[in-house]
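These protein sequences, in sequence, are chains A and B. The opening position of the first sequence corresponds to residue 9 in our numbering, with each subsequent residue numbered one higher. The opening position of the second sequence corresponds to residue 310 in our numbering, with each subsequent residue numbered one higher.
Keep in mind the hints are simulated off the structure, nothing from the lab. Be aware that a few hints might be false.
[What the hints assert, rightly or not] Here are the computed lysine-lysine pairs in the BS3-like style, where the Cα-Cα straight-line distance is at most 30 Å: (1) K318(B) <-> K380(B); (2) K57(A) <-> K380(B); (3) K380(B) <-> K350(B); (4) K57(A) <-> K331(B); (5) K57(A) <-> K353(B); (6) K76(A) <-> K350(B); (7) K57(A) <-> K328(B); (8) K69(A) <-> K376(B); (9) K350(B) <-> K57(A).
[As the list claims (entries may be wrong)] What follows is a list of derived Cβ distance ranges for each label pair: (10) G70(A) <-> K353(B): 40 to 46 Å; (11) N366(B) <-> L54(A): 39 to 45 Å; (12) N366(B) <-> R77(A): 47 to 53 Å; (13) L425(B) <-> L64(A): 46 to 52 Å; (14) E28(A) <-> D379(B): 39 to 45 Å; (15) S348(B) <-> H90(A): 25 to 31 Å; (16) I364(B) <-> R77(A): 25 to 31 Å; (17) S26(A) <-> D379(B): 44 to 50 Å; (18) G36(A) <-> N388(B): 36 to 42 Å; (19) Y35(A) <-> T368(B): 18 to 24 Å; (20) L54(A) <-> V369(B): 20 to 26 Å; (21) S314(B) <-> S11(A): 46 to 52 Å.
Don't be surprised by glycine CBs; every beta carbon is placed ideally from N, CA and C.
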Amino acid sequence: AQSVTQPDIHITVSEGASLELRCNYSYGATPYLFWYVQSPGQGLQLLLKYFSGDTLVQGIKGFEAEFKRSQSSFNLRKPSVHWSDAAEYFCAVVPGNNDMRFGAGTRLTVKP
Amino acid sequence: DTAVSQTPKYLVTQMGNDKSIKCEQNLGHDTMYWYKQDSKKFLKIMFSYNNKELIINETVPNRFSPKSPDKAHLNLHINSLELGDSAVYFCASSQERGGVDQETQYFGPGTRLLVL
């Protein structure tokens, strides 16, 4: 079945540590790929997106993501996490039918 | 100057009532959307709408109806509210399909609906 998978429901990292949030998709063709962040009680903010071209994309707030076609993955990374990064992170895809699909989300907790 | 705004932010109401949630975007976008986020944070599209077509997710009950007075607004009207309608509802917008940035959606802050 076509899907977007975020394998980690909850991740805890220490402030200053590196972060990687995983996202895998299962669609026939490469969809458009997005990462959104949702802070507690807030809406979704776009961090970055991939349509084509360079497979390493830079986003806001020091985030980056790498598209790997062979692994059908679009993992989000940040070299040094700040306490303000604690939030829910959603991977999203737009496959050929133009209907945005979201992963289940990964909740990030940042320890002092 | 909020790009996508929604009102109200919180809505608490009784079962059986009819309510509306308003959404406005000042981005000049042509397509707008409504999403429902359930208690487990799962996001699911309900509608997408531009001046040419309304696409309805087939799982959405017909108690839910989008109403667009103009291109910048897409309101969500809900009839006969049920307990299971309690959720956070997000509005979003994007440029009309066919542009380079067509698929990037910008979200509103959400409306937290609680049905008692």
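Against the structure, the hints come out as follows:
A hinted pair counts as satisfied when its Cα atoms are at most 30 Å apart, and K318(B) with K380(B) qualifies at roughly 22 Å. Simply put, K57(A) and K380(B) have alpha-carbon atoms about 25 Å apart, close enough for the 30 Å limit, and the pair holds. Our distance criterion of 30 Å between C-alpha atoms is met by K380(B) and K350(B), whose separation comes to about 29 Å. About 27 Å separates the Cα atoms of K57(A) and K331(B), which keeps this hinted pair within 30 Å; it holds.
For the suggested pair K57(A) and K353(B), the alpha carbons sit about 19 Å apart, so the restraint of at most 30 Å is met. Proposed proximity of K76(A) and K350(B) is supported: the alpha carbons are some 26 Å apart, at most 30 Å. Between the alpha carbons of K57(A) and K328(B) the distance comes to roughly 35 Å, so the proposed pair goes past 30 Å and is violated. Among the hinted pairs, K69(A) with K376(B) is inconsistent with the structure: their alpha-carbon atoms are about 36 Å apart, more than 30 Å.
Distance hint between K350(B) and K57(A) is fulfilled; the C-alpha atoms sit about 21 Å from each other, no more than 30 Å. At roughly 30 Å, the beta carbons of G70(A) and K353(B) sit outside the given window of 40 to 46 Å. Checked against the hint of 39 to 45 Å, the C-beta distance between N366(B) and L54(A) comes to roughly 22 Å, which is inconsistent with it. Between N366(B) and R77(A) the beta carbons are some 29 Å apart, a value that contradicts the proposed interval 47 to 53 Å.
At about 48 Å, the beta-carbon gap between L425(B) and L64(A) stays in the expected band of 46 to 52 Å. About 43 Å separates the C-beta atoms of E28(A) and D379(B), a value consistent with the hinted range of 39 to 45 Å. Against the hinted window of 25 to 31 Å, the Cβ-Cβ separation of S348(B) and H90(A) comes to about 28 Å, which satisfies the hint. Separated by about 29 Å at the C-beta atoms, I364(B) and R77(A) satisfy the suggested range of 25 to 31 Å.
Range check, S26(A) to D379(B): Cβ separation about 47 Å, and the 44 to 50 Å hint holds. Checked against the given bound of 36 to 42 Å, the beta carbons of G36(A) and N388(B), roughly 38 Å apart, stay inside it. Checking the proposed 18 to 24 Å range against Y35(A) and T368(B) shows it holds: the Cβ atoms sit about 20 Å from each other. Here the CB-CB span from L54(A) to V369(B) is close to 24 Å, well matched to the stated 20 to 26 Å.
For S314(B) paired with S11(A), a C-beta distance near 32 Å fails the hint of 46 to 52 Å.
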